[in-house]
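Asker: First to last, the sequence lines map onto chains Z and Y.
Residues in the first sequence are numbered from 212 upward in steps of one, following this note's numbering.
Residues in the second sequence are numbered from 2 upward in steps of one, following this note's numbering.
Derived by calculation from the structure, the hints in this document are not laboratory data.
Treat each hint with caution, since some may be false.
Take a look, some chain Y residues computed to stay more than 12 Å from chain Z by CB distance [claimed, not checked]:
| id | residue |
| --- | --- |
| 1 | 76 |
| 2 | 147 |
| 3 | 149 |
| 4 | 152 |
| 5 | 159 |
| 6 | 250 |
With a straight-line cut-off of 20 Å between C-alpha atoms, the simulated SDA-like cross-links for lysine to any residue are [said to hold, decoys possible]:
| id | chain 1 | residue 1 | chain 2 | residue 2 |
| --- | --- | --- | --- | --- |
| 7 | Y | 24 | Z | 384 |
| 8 | Z | 450 | Z | 425 |
| 9 | Y | 24 | Z | 348 |
Listed below are several chain Y residues computed to face chain Z (Cβ distance under 10 Å; list not exhaustive) [claimed, not checked]:
| id | residue |
| --- | --- |
| 10 | 14 |
| 11 | 17 |
| 12 | 18 |
| 13 | 20 |
| 14 | 22 |
| 15 | 26 |
| 16 | 51 |
| 17 | 55 |
| 18 | 56 |
| 19 | 105 |
| 20 | 106 |
| 21 | 112 |
| 22 | 113 |
| 23 | 114 |
| 24 | 283 |
| 25 | 285 |
What you are looking at is a predicted structure, and each value in this text was computed from that prediction instead of being measured.
For every residue, glycine included, the Cβ atom is placed at its ideal position computed from N, Cα and C.
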Amino acid sequence: MVFPYTRRMHNSDPSATSAISDPVICVEGLAKEYRVYDKPEGLAASVRSLFHRTSRIVQAVKGVDLTVGRGEFVALLGPNGAGKTTLLKLLSGIITPSRGTARVLGHVPWERADDFRRRFALVMGQRNQLWWDLPAAESFRLHQEIYRIDPVRFERTRDELVDMLDVRRLILQPVRELSLGERMKLELVAALLHEPEVLFLDEPTIGLDVVAQHTIHEFLRGVQSRRRMTVVLTTHYMKDVAALCERVVVITRGDILYDGSLAEIVDRFTTHKIVTLDLDEAPNQATIERFGFPCECRGPQVIMRIDRHRIAEVLPAILGSAGVRDVSVEDVPLEEIVAELFRSDARDAATAAEHAS
Amino acid sequence: MSEVIIRPASPFQGLRTWWMMLKISLEERLVYRGDFALGTLMRFLPIVTQVFLWTAVFGATTKTDIAGYTRNDIVAYYLLTMLTRAFSSMPGLSTGIARSVRDGSVKKFLVQPVDYVSFLLAARVAHKLVYYAVAALPFAGVFVLCRSYFPPVPDAITIAAFVTSLVLSFLLGFFMEATLGMLGFWFMEVSSIVFGYMLVQYLLSGHMFPIDLLDGVPTGIAGVSLADVVHWLPFEYTAYFSSAVWLGKVHGDRLVWSLAIEAAWVVVMAVACRIAWWRGTRRYSAFGG
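The whole structure should be built from the sequences, with the hints applied where relevant.
Answerer: So this is what it looks like as structure tokens:
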């Protein structure tokens, strides 16, 4: 599958950016470079590296522009090492950029003002905020003090969050005895106790089973809409994106490749639809050839990829063939679209590198 | 919306947060009380060998005292040193800080509105309180059993100075080790640095022998002995000094001076710790994260 359009595609039109009302995250030309040291293999090389180390600059994030309005739910997508987590770290003030500016809730994140830190939360990994040997309820109390949450408000918020995730019976158990999914839920409660206006989530559903993923989706959606919280999450699961985010920002090699709605990605980057036919019996070679499209056969089931612009034209003929009992027409799975988006970008990069050399 | 829920900052807010950190740390440490009980018992073992060693030393000489210490004084000295070390030693502090930098858990303190050094201090006070609760009985038992080695109980001023020196030795030990741990921002592994520090500490703190033994040791500068130099360094205040105060070896002007030096070192190390944290997190933000 070849994409018709895989160049830089985010909105470079400035009017589109300023159209976002009440922006809470404003990023301009944000870049982060790291110096990494190469250590070649072998003992001799290790000894040599004691005296002379070769290093190179890695551009984790290169000049990103991004504006996020209050109440938006944004997914950062990208292959491993694309710079998603680096961007989250920049926005939450853990790291300072090499260039560019950022304002989150009107603050420069890496100045780490307490006023700023009381108004956002970051959930990164599983052993983050909760005390390992103590029940989560104790960690919640500590958060109450750290974030100076009014006691009445604290109890109300805690009860509400705990009930939404159905984890009341877990909060009095030492955290180390809990499962991955249970810990993640309690991490989310801890992060939301102070009612942050902005929430950054780094792969919130990684390693969780389908039920836990679903619970967390429901929960995040509920809290986000109720509080009009701004959420930015990174993920590799399209389920997260489909369930939660209206807006998707695709990052590859430190750069924004696409910024827009999920529906638009599907619309823009799918060239084909998937047509599945259920036949009376497994088709023979002649039947398959009659369809005139590349087919994959699984017993009496035939799966075809058909150019989406030709569907209306070819479908009647196919349905007219003998022995078709049922038909379904679906979009290419989101995973596949995004994977191809990443791949084609990598190909572009390789081509560009060849031209350069 | 957040303005509504944030309680106004009262002058006691910092204290309240700190108190909560202390409480939580206390609960956490109580999980490990068994480990503490065993650790306390182990603490008394090395002292037995020390007593044997010094008994042999005194057996081989006709002198009744060495550098002003009789055999009884020496036993009392080692017992008191153990008590002081129970205040000033900070097991796992520096390596723990370095680990939190390496594994990234220090990030939490960049994201949340809470000060890492205060947090560590609260956790350490809790650690010590639980330790004393567990160790009080065995300590008392040993001191009662060995009471014949001790001189008569000193006057109130000496006791006050002794207690002050213990509290300062806790703070000094804390800030020295915390600063050492902050080196983790610059070096991947601090255990060898910690080892070097422990070695110097062992020799110069009085943990190994009373600093008075260095009294006659020349430094090359006329009229200045090695002991004089050590008095100006922070190490002896984590072991030797408190014991020497109780045994009446330090008094008058020298007592006042020594307490002042100890307090000054606490301030210096607290500032050093702060600076190391600031510069360390700046470096972390710029290079790692």
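Asker: Determine for every hint whether it applies to the structure shown.
Answerer: Taking the hints in turn, this is what the structure says about them:
1. 76: holds, 39 Å
2. 147: Per Cβ check, residue 147 of chain Y is outside 12 Å of chain Z; nearest 36 Å; holds.
3. 149: Holds, because the least Cβ-Cβ distance between residue 149 of chain Y and chain Z comes to about 43 Å, which exceeds 12 Å.
4. 152: holds, 44 Å
5. 159: holds, 40 Å
6. 250: With a cut-off of 12 Å, residue 250 of chain Y remains clear of chain Z, as the shortest Cβ separation is near 43 Å.
7. Y:24 with Z:384: holds, 17 Å
8. Z:450 with Z:425: holds, 9 Å
9. Y:24 with Z:348: Since the Cα atoms of residue 24 of chain Y and residue 348 of chain Z sit roughly 13 Å apart, the hinted pair holds (cutoff 20 Å).
10. 14: For residue 14 of chain Y, the interface hint holds, since the closest Cβ of chain Z sits about 7 Å away, which is under 10 Å.
11. 17: Holds, because the Cβ-Cβ distance from residue 17 of chain Y to chain Z comes to roughly 6 Å (cut-off 10 Å).
12. 18: holds, 4 Å
13. 20: holds, 8 Å
14. 22: holds, 7 Å
15. 26: holds, 9 Å
16. 51: violated, 35 Å
17. 55: violated, 42 Å
18. 56: Violated, because the Cβ-Cβ distance from residue 56 of chain Y to chain Z comes to roughly 44 Å (cut-off 10 Å).
19. 105: holds, 8 Å
20. 106: holds, 7 Å
21. 112: holds, 5 Å
22. 113: Hint holds; residue 113 of chain Y Cβ to chain Z Cβ min 6 Å, cut 10 Å.
23. 114: holds, 4 Å
24. 283: Since the shortest Cβ distance to chain Z is 8 Å, the answer is holds.
25. 285: Because about 8 Å separates residue 285 of chain Y from the closest Cβ in chain Z, which is inside the 10 Å limit, the hint holds.
In this structure, the earlier hints numbered 16, 17, 18 are contradicted, and the remaining ones agree with it.
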